[in-house]
Structures are given as structure tokens and as C-alpha cells.
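J.: Each chain, written out:
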Amino acid sequence: MNQLIFIAKKEIKVAIRERLVISLGAIIILLLGVALYAGYISYRQQQQIITQTQIEKRQEWLNQGDKHPHIAAHYGTFVFKPKTILSLFDFGLDAYTGTSVYLEAHHQHEFMFRPAQDHSSMIRFGELSAALVLQVLVPLLIIFLAFASFTRERESGTLKLLMSQGTSFNTLTWGKILAYAVMLAVILLPFLLGLVLLSVSHMSYDVIPDITVRVAMLVLIYGLYLCFFIAFSVWVSLRSGSGRNALLTLLTCWIFFAILLPKTVANLSESFYSLPSMREFKAQIDETKRNGLDGKTPRSVRMANLKKEYLEKYGVDSVQQLPFNFEGVSMQAGEEFGDQVYDYHLNNLREIFHKQNQLGSIASLFNPYLAVQHLSMALSGTDIHTFIHFEEEVERYRRELVRKMNQDMAENSKYGEFYGYKAGSDLWGEIEDFSYRAPTAWQLLSYYKLELISLMLWMALTMVLLHVANRKMKPIHE
Amino acid sequence: MLQATELTKKYGKFTALNALNLSVKKGDIFCLLGANGAGKSTTINLFLNFIEPTGGKATINALDVTQHGKATKKLLSYIPENLMLYPNLTGLENLDFFCGLGGKSYSKDHLEELLKQSGLQTNFLHKRVSNYSKGMRQKVGIALARAREASVLLLDEPTSGLDPKASNEFSELLLDMKDKGVATLMATHDLFRAKDTGTHIGIMKEGILIEQFASDDVSFQDLEKLYLKHMHN
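Chains A and B, in that order, give the protein sequences. Position 326 of the first sequence, counting from 1, maps to 326 under full-length UniProt numbering, and the rest follow consecutively. Position 24 of the second sequence, counting from 1, maps to 24 under full-length UniProt numbering, and the rest follow consecutively.
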């Protein structure tokens, strides 16, 4: 143990004196600081806008005046995806999924305000977030720190002197890994403190009640990922004949892991499982609404069947004789049919999403970068599953709003009266304001089992490689 | 202290060391002479357990170096032809680090004293090793051997490339250690230094120890003649 500490201390001292770690560390601290600060500012601005607009929209809903409930259902309202403090760490899919949606009867509108729509593809790729720095740039720092960890000892001749002191390769390897881990921890400490402070500041607790657990898990997962990179870089250095070879090998791996493979997987999943365009998706919904789910029951037939069913059920000859306004019932039936059609097509769409994600998850078994990227988005609440959960909550809210409007119309208005009937603020007040609570970290992680396995497998594989290399290695190549 | 018994090292069909038998006792300085590729460095590397023997065995204090690598390394100190230290650390810091690795912990004053005793100039103690000459680095190596209280010293052409003054200082330090009972095995090309410093001399050629004798038994001229005779045959 003493030897390990001695080696780690020496490595740190030498690295500090060489200044490389200081320069690269300063760049990383700066980038993380900028990412965190810019993210925080953006979070505050967006949160402020969202809160203010949500209040305005709520007031508009409550103060819309007396009107027919169905008109109110079309008047609709806006709901907003709350910006959480963790989304400033990892933007994830937020730029693509949008932040607000207009809720209206008969229609499931698409989400609006997607920053990705306003940016060029280059900006989308390189948008600076703390997660991007940790996933892509910090491994690069590790590579530059550790590529020569063994090759330099070998090339300069200090390895023989080290070995003649009775030091084992195992001790030397772990001493170096410990040193790089400590240096990295020091570099990342200010950012980590900032993140912890923000996460315990009670911001976003209403949306993500388990924010502390999520931050702890993010630290753990990124810790594992970066430790993997350290151990892997040291292993490559241990096995390489020269520093140049080690650096080339590591940079090739980095390009493959962080750039080529993720792009390839994204393109492949898009080719294998193509998504329809929004226009196609809407056209499919309209077509099914027109002709029914079986393709041969148009709206007129469905309405006639509904009317017949109610007349028989209540034993009356006309809808005017029903004890409620049949228009309300037919409105709700139309709404429910529309929901059914929407669910049918949305499920098909989600099936494609699911297949694409599955491919990404399988690919993450071969790429720790993909694994950490998926897990990071999930824990930050910016992944596809959180978005789907939010989308479902919004749709549930929309349906409940429309149902209440139609129910009020059925119960309180007369057949044929239609626009003559007006509801007031009492009814509007019955619709509670929309509030969202994200699924727990554990629920989300259940979608990412392969990613968790991937990280552990890569770490275990590197440990085995190091163990084997340490056992076989000699200070002199025979 | 040091014993090689039928020690052999082969690389495929090439025999780098062929059935070497030699013994270095406490207070002996055994100098191995020979041309490049004679097997001198291979012998040193086998005692250091840096390479595996193909046959025979090397022991330090009766311990087989392949089976007791850690224990035997605690007994020895090694100075290669060009002792490489960490250039961004001072001589003192290098010494402190390598002592620590060997499980020895000394005060700063004591380490400074060791470096001074080994001939390192005081104004260089706290300078980075990148400013050191080869001779200065070899002196740090001697200080390390002293600090480690090594009973065995393995030297692989330690004076090669040193100026005569530095070389002479190095020899004096070796003699000082010899007086303290350290057993030294030194591979060298320097006949004069071998005769002057060594207690025993061995001549190696093509992996074979073809001759060994006490240095007092031959004059420098005889040693030179003997060496050249073997090299030309």
C-alpha cells in the first residue's frame, strides 16, 4: 500500500511540474464552469418564462368568460414541460422534443419551441453542456495524461530502476491509476460542488423529488466511466511499444467510441426503423378518423350506430327525449374515438422509437460512451422515456379537460340549443392546473439495464486485461 | 551473496548466456569484461529477474531470484549504464521516492547527507535532475544504494561515458561500499577500472565465462593482453 501511495504522489508531482495537467485541467474547469453557468442562466430564464407564461395561460383559461364548454375545449390552453435543474447538466433530447404544447379538443398538437429547429446541425452536434464535456472531452484529457504512463518509464529507462526496487507492475499500474483518478477528482471537484449545491437547493424538487439520488447516481456512473478510461489508457500504455503508438491507439479508440460508433448507430437505427414524417403521421390519423380503424366505418355510420344504441338503451324514439343532451354524448364519443385512433398510431410510432432505442442499447454494450450518454440523459430527465411519460401525462390531462367540458354540455344543456348554453368560471375552475412529476430514477433505469451492464462489463474487462498484462509484463521486452 | 549456477539464457537458437557459474562474496567486486553481446548485461538482468532464465539459477543470499523476486530485490541496488531519474524532480526528491519504494523512510537532512557523501555538489541537491550530468545521476544511484543499505550492488557499465574524474570518484565510492561488505557484480568495458577497483575479474565471450581470476593475480598489462587474446580468438 505504501508503494502505491508513493507512486501516486510521485505521478501527481511530476504531472504538476510538467504543467500539462494544469493547462488541460484549467481548460476543463473553464469549460465545465461555462457550461454550468450558461446552463444555469438558461435554466433560470426558461423557468421564469415558463412559470410566467403558465400563470398567464391559467389566468386566460379561468377568465375566458362565459361560453359554451365545447368552445372552451377548443379555446384550450397551453402546458409547459418544466425545466429541471438537472437538464442544465445534460440537455439530452430537450432541444428536439420541445417544451410546450397547445391542448385542444379533437387534436393532439405537436410540441413547440424545439431549439434544434432553430440551430444548424453543427451547433446541435457541439452544443456545450457539462455532460458533453464529461463524456467527450474529459476522456481526451485522460488520454493525454495517461498515454505515456508506462511508455515513458520504459523509453526513459526509469522502469528498470523502479522494478529493481522490488515494485511490481501491479503496484505501479494501480499507483498510476490512483494518481490520475485523484488529479481528475481535483479538476472536477469545483463542478461537482456546483452541481451538488444546485441539486440540494430545492429547485425542481416538485418535478424530480429524487433529485439527490439522481445526482449521486450521476456521480457514480460518470465516476465509473472516467475510471474505465483511466484504466484503459494505462493498459494501452502498458502494452504499447512507444508513446506514439499508445497515443495513436487511444485517439483511434476515442474517435471510434465518441464519434464514429454513435453516428453509425444513429444512422443505422434510422435506416432499419424509419420514422414517418409528422405530415405522414397526421395524414394517417386523419385517414383512420375518416374511415374508422377497420377502414370501412366512416363517421356517419359510427354516429348512426351511437344514436341507435342510446335510443334502444333508454327506450325512446328520438334524441330529444333523452334525459341529457345527446350532443354532449356524441361529442365525447367522437373525442374518445379520436383518442383511440391517436393511441393506435402513436403506439405504432413508439414501437419504432422503441426499436431504435433497443438498437442503441445493444450498441452501448460495445461502446461505454453510448452507455453513459443514455444513462446521463435518463438521470437528468431529458431522455426519450421521460419525454414519453410527460407526453402521456399531458394527453391524460387534455382528455380529462375535454371529458369534463363534454360532460357539462351533456348534463346542463339541451339538444339543439348548442351555442345558446354557456358555462362559466365555476366549470373552468374545476379543471386543475397542470403539474408534472417525473418518474423515479429507478423506474427510468429499468429501461437502461443494458447500459448499466455495459459499463460494468467494460470496467470488468479492463480489470482483467490489466491483471493479465501485469502478470506477464517484464521491464525488458524479450 | 551472489551465485550463478549453470545459468543459461537462450533466445530461440541464440544463446545469450551459456551455463554461467560464478560466485560473488561479501566485500567482493566482481567485474565482468567482454565485448558487446558477450552476455554481461544478460547476467545482470537475470540477477534482477528482469528476464527469465532458460536453465540454471541465479541466487542472492541463497534465494532463487525467480521465486523470491521481491525478497531478493530488497537486498540489492542496481545502477545501469545510464541511470535515468525523473527529470522534473530534484535529486533529493528522486532519492526520497526510490527510498520510499524500497520501504526506507529518511529525513530530508539524512537524504541530503547521503547525496553529499556520494559526491553530489550541495548546490545541485535541490535542482531538477534535468540539469544533472550523467556522473551526477550515477552519484544519486550510489546514494540510493547506500540509503537502501543494499548488500548487493549490480552495476551495468556504470562508468561508461563518464569523464575520468567522475569515473574515479565513482570507483572510490564503490571501494567504500566494498569496505562495508557490499557484494558487487559489475559489467564493464573498462579494463583499467576493473583492475583498479575489482577484487575478481571474469572475461566473457559469446555468452560463456571463459576466464575468471582474482585481480591481484594479474598486472594491468597481463589483463589487457589476456583480454585482447580472447577477443581476437
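No lab work stands behind these hints, which were simulated from the structure alone. Where a beta carbon is used, it is the ideal one built from N, C-alpha and C, also for glycine. Hints are not guaranteed to be accurate.
According to the in silico footprint, chain A covers these stretches of chain B (three or more CB under 8 Å from chain A) [said to hold, decoys possible]: (1) 26-34; (2) 39-53; (3) 98-108; (4) 113-119.
In silico DSBU-like pairs for lysine-lysine, Cα to Cα no more than 30 Å straight-line [what the hints assert, rightly or not]: (5) Lys70/B - Lys160/A; (6) Lys74/B - Lys13/A; (7) Lys70/B - Lys9/A; (8) Lys205/B - Lys13/A; (9) Lys74/B - Lys25/B; (10) Lys307/A - Lys296/A; (11) Lys229/B - Lys25/B; (12) Lys13/B - Lys160/A; (13) Lys9/A - Lys26/B; (14) Lys104/B - Lys160/A; (15) Lys472/A - Lys74/B; (16) Lys180/B - Lys25/B; (17) Lys25/B - Lys70/B; (18) Lys26/B - Lys225/B; (19) Lys13/A - Lys180/B; (20) Lys229/B - Lys9/A; (21) Lys178/B - Lys205/B.
A few chain A residues facing chain B, derived, Cβ under 8 Å [to be verified]: (22) Phe6; (23) Val14; (24) Glu18; (25) Ser156; (26) Lys160.
J.: Does each hint hold? Answer for all of them.
T.: Evaluated hints:
no., hint, verdict
1, 26-34, "violated (count 0)"
2, 39-53, "holds (count 5)"
3, 98-108, "holds (count 5)"
4, 113-119, "violated (count 0)"
5, Lys70/B - Lys160/A, "holds, 14 Å"
6, Lys74/B - Lys13/A, "holds, 25 Å"
7, Lys70/B - Lys9/A, "holds, 22 Å"
8, Lys205/B - Lys13/A, "violated, 44 Å"
9, Lys74/B - Lys25/B, "holds, 17 Å"
10, Lys307/A - Lys296/A, "holds, 19 Å"
11, Lys229/B - Lys25/B, "holds, 28 Å"
12, Lys13/B - Lys160/A, "holds, 26 Å"
13, Lys9/A - Lys26/B, "violated, 36 Å"
14, Lys104/B - Lys160/A, "holds, 19 Å"
15, Lys472/A - Lys74/B, "holds, 22 Å"
16, Lys180/B - Lys25/B, "holds, 12 Å"
17, Lys25/B - Lys70/B, "holds, 21 Å"
18, Lys26/B - Lys225/B, "holds, 29 Å"
19, Lys13/A - Lys180/B, "violated, 35 Å"
20, Lys229/B - Lys9/A, "violated, 52 Å"
21, Lys178/B - Lys205/B, "holds, 27 Å"
22, Phe6, "holds, 4 Å"
23, Val14, "holds, 5 Å"
24, Glu18, "holds, 6 Å"
25, Ser156, "holds, 5 Å"
26, Lys160, "holds, 6 Å"
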